[in-house]
Amino acid sequence: MVADTISKTNSAKLDKALQEAHTEEVAWKYVPLSGPAVDAEFSGNVSTQIGKTALLNCRIKYGGGKTVSWMRTRDLHLLTVGRFTYTSDDRFKAIHQSGSHDWLLKIHYVQKRDQGGYECQVSTNPPLSYTVWLQVVEPETRILGARDLHIHVGSNINLTCVVRHSPKAPAYMLWYHGKQVHLIQHN
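Counting in the UniProt record's numbering, the sequence shown runs from 1 upward without gaps.
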């Protein structure tokens, strides 16, 4: 712990906070050591698929009631301030629950153009900022082997589909022949 760095006037506050605290997380809510700080361990980069929802998190330690804003770095567009949204693009939404250290930027129906940096800014002087990077991927599928196969009527065929550039394995795959679904494969 960093008790050596706390002045004697804060020592009594620290003792009281530690007695009241049930977890370390609650303790840092009561004992600001050097002002707000971004907890990078819980404010990491995000990878998502086109059309899905992305949640970008900015966890602030020792926030002390400071306001957090989100800005898109490519065009310096202010998206949110506190829980209020300041963009006409209704896919963007600020999420913060009172008492929480997490300030989220929710982006619905992610598009390729959304890829890039999003800066979380804390209203300190000078402002504290941290950039969370959003990677938007578009999965690709490919059936292994030759494009055209010639087989005898009644013979078995083994087709293997490879999915690339997907943040996670698909829950299911649809196999088509022409425009008709022939097989639904679940993982």
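Any given hint could turn out to be false.
[What the hints assert, rightly or not] Simulated restraints, written as ranges between beta carbons of each label pair:
hint: 1; residue 1: 159; residue 2: 65; range: 51 to 61 Å
hint: 2; residue 1: 109; residue 2: 152; range: 45 to 55 Å
hint: 3; residue 1: 184; residue 2: 144; range: 15 to 25 Å
hint: 4; residue 1: 97; residue 2: 144; range: 31 to 41 Å
hint: 5; residue 1: 181; residue 2: 138; range: 19 to 29 Å
hint: 6; residue 1: 91; residue 2: 66; range: 22 to 32 Å
hint: 7; residue 1: 166; residue 2: 99; range: 27 to 37 Å
hint: 8; residue 1: 140; residue 2: 97; range: 18 to 28 Å
hint: 9; residue 1: 78; residue 2: 145; range: 20 to 30 Å
[Claimed, not checked] Restricting the straight-line Cα-Cα distance to at most 20 Å, the calculated cross-link-like pairs of lysine to any residue (SDA-like) are:
hint: 10; residue 1: 168; residue 2: 148
hint: 11; residue 1: 52; residue 2: 130
hint: 12; residue 1: 66; residue 2: 102
hint: 13; residue 1: 106; residue 2: 184
hint: 14; residue 1: 93; residue 2: 154
hint: 15; residue 1: 66; residue 2: 149
hint: 16; residue 1: 112; residue 2: 164
hint: 17; residue 1: 61; residue 2: 108
hint: 18; residue 1: 93; residue 2: 50
Worth flagging that the hints you see were computed from the coordinates, not collected in a lab. Idealized CB from N, CA, C, for every residue including glycine.
Quiz item: Are residue 140 and residue 97 spaced within 18 to 28 Å by their CB atoms?
Solution: 38 Å, violated
query: Quick one, are residue 112 and residue 164 close enough, alpha carbons at most 20 Å?
result: 16 Å, holds
Just to be careful, I want the Cα atoms of residue 93 and residue 154 compared with a cutoff of 20 Å; is the pair within it?
Violated. Residue 93 to residue 154 sits at ~55 Å, over the 20 Å cutoff.
| query | Cβ-Cβ distance between residue 184 and residue 144: within 15 to 25 Å? | reply | For residue 184 and residue 144 the Cβ distance comes to about 20 Å; the hint holds.
Check your understanding: Does the hinted range 51 to 61 Å hold for residue 159 and residue 65 at CB?
Key -> 59 Å, holds
Distance restraint evaluation - residue 181, residue 138, Cβ atoms, bounds 19 to 29 Å: Taking Cβ atoms as reference, residue 181 and residue 138 lie about 22 Å apart, which means the hint holds.
- Query: Do the alpha carbons of residue 168 and residue 148 lie within 20 Å of each other, as the hint requires?
  - Reply: This hinted pair is violated, its Cα atoms lying about 29 Å apart.
If you check the beta carbons of residue 78 and residue 145, does the distance land in 20 to 30 Å?
51 Å, violated
Has the given pair, residue 66 with residue 102, been kept, meaning a C-alpha gap of at most 20 Å?
-> 12 Å, holds
Hinted pair residue 93 and residue 50, Cα distance within 20 Å | 18 Å, holds
- request: Mind checking the alpha carbons of residue 61 and residue 108 for me, to see if they're no more than 20 Å apart?
  value: Violated, at roughly 27 Å.
Between residue 106 and residue 184, does the CA-CA distance stay at or below 20 Å? Given that 20 Å is the threshold and the Cα spacing comes to 32 Å, the pair is violated.
Against the hints set out earlier in the document, violations occur for numbers 4, 8, 9, 10, 11, 13, 14, 15, 17.
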